[in-house]
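Residues per chain are reported as follows:
Protein chains: 2
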Amino acid sequence: MTAGQIDPPAPARAYAEDLAPGTAYRLGRHTLTEDDIVGFAAAWDPQPFHVDPAQRAHPRFAGVIASGIQSLAVLQRLCVESVYAHWHVVAGRALTEAVFLRPVRADTELTGVARVESVTLDRPAMGLVRLACTLTSRSGEPVLTLVAETYVARRVPAPPH
Amino acid sequence: MTAGQIDPPAPARAYAEDLAPGTAYRLGRHTLTEDDIVGFAAAWDPQPFHVDPAQRAHPRFAGVIASGIQSLAVLQRLCVESVYAHWHVVAGRALTEAVFLRPVRADTELTGVARVESVTLDRPAMGLVRLACTLTSRSGEPVLTLVAETYVARRVPAPPH
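Just so you know, the protein sequences line up as chains A and B, in that order.
Under the working numbering, read the first sequence as residues 1 to 161, first letter to last.
Under the working numbering, read the second sequence as residues 1 to 161, first letter to last.
Keep in mind that the hints are not guaranteed to be accurate.
To be verified - Facing chain A, according to a computed beta carbon distance under 10 Å, are these residues of chain B, among others:
#1 Asp45
#2 Gln47
#3 Ala91
Derived by calculation from the structure, the hints in this document are not laboratory data.
Virtual Cβ for every residue (Gly too), placed ideally from N, Cα, C.
For reference, chain A alone in the conformation it holds in the complex (with noise of 0.2 Å):
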């Protein structure tokens, strides 16, 4: 796992207001060992095709797939060590359309992108990001997709004196 490059440079910690639509961020990478799917789906999933390696009889998929639920914990690190890190998040709001668009095997690179959709800011505190995101394998086939939303605080002027 690396930290990923911001383009275009950010300031030091971002708040709503300096966020701009369209600015992109190339995610850092992280692979799952068999240990890892079968370990996570086991306290979290425990569905055959997520724990049984010896499962090869399963109609799609030779092997062990990833918990699409760790799918997305992976790319929630990514997004905090590239993205979240770097703004004053509030908290997050909601995940819409969260689509695993194909398995995640074992010792697979995964890598993405997010990029800013929009910037809500109807709020006196905080302001509402929609970020996209995509986690790709290695070979830039994209694994999952969704929308993030993150309510990012505002930021306050100062006291007057």
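Following the hints, put chain B in place on chain A, whose structure we already have.
Then chain B, alone, in the frame of chain A:
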């Protein structure tokens, strides 16, 4: 965590044709400790309000709150136990409109309900089932709602003799 009750009673494992809109499932229970919350967030969502119990100065929350991804994971675990274990699941397709309505704090018992919204049988081998889910705190306040779209195998007719 306990298995939920199914209402109305379903066959041992349901095919897509066996599922009807309106069928509701009561989910089991799961409680996250502070260690659970901090441990999950350290791995997947290392933002200060998820990983730092000393961060009492956060403007909105006292103590850590669970990562939204962990709330999704809890809901998935409860749905596997009470719903998907009783279906011939092929794969998850999407989560639509996952909304984090309230913060999830340590030692809050979580439970919920899941209801079949629709069953689409436009493919020969599988149907697409939309399941509307609500994760609630023990006091009944919803903390997370979403619709999960899952491919479920269709009943295969017996081959002719």
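Tested hints:
1. With a cut of 10 Å, the hint placing B:Asp45 at the interface with chain A holds, because the nearest CB-to-CB distance is about 5 Å.
2. Residue-level restraint check for B:Gln47 holds (minimum Cβ-Cβ distance to chain A is 6 Å; threshold 10 Å).
3. A least Cβ separation of about 7 Å between B:Ala91 and chain A falls short of the 10 Å threshold, and the interface hint therefore holds.
Against the hints set out earlier in the document, no violation occurs for any number.
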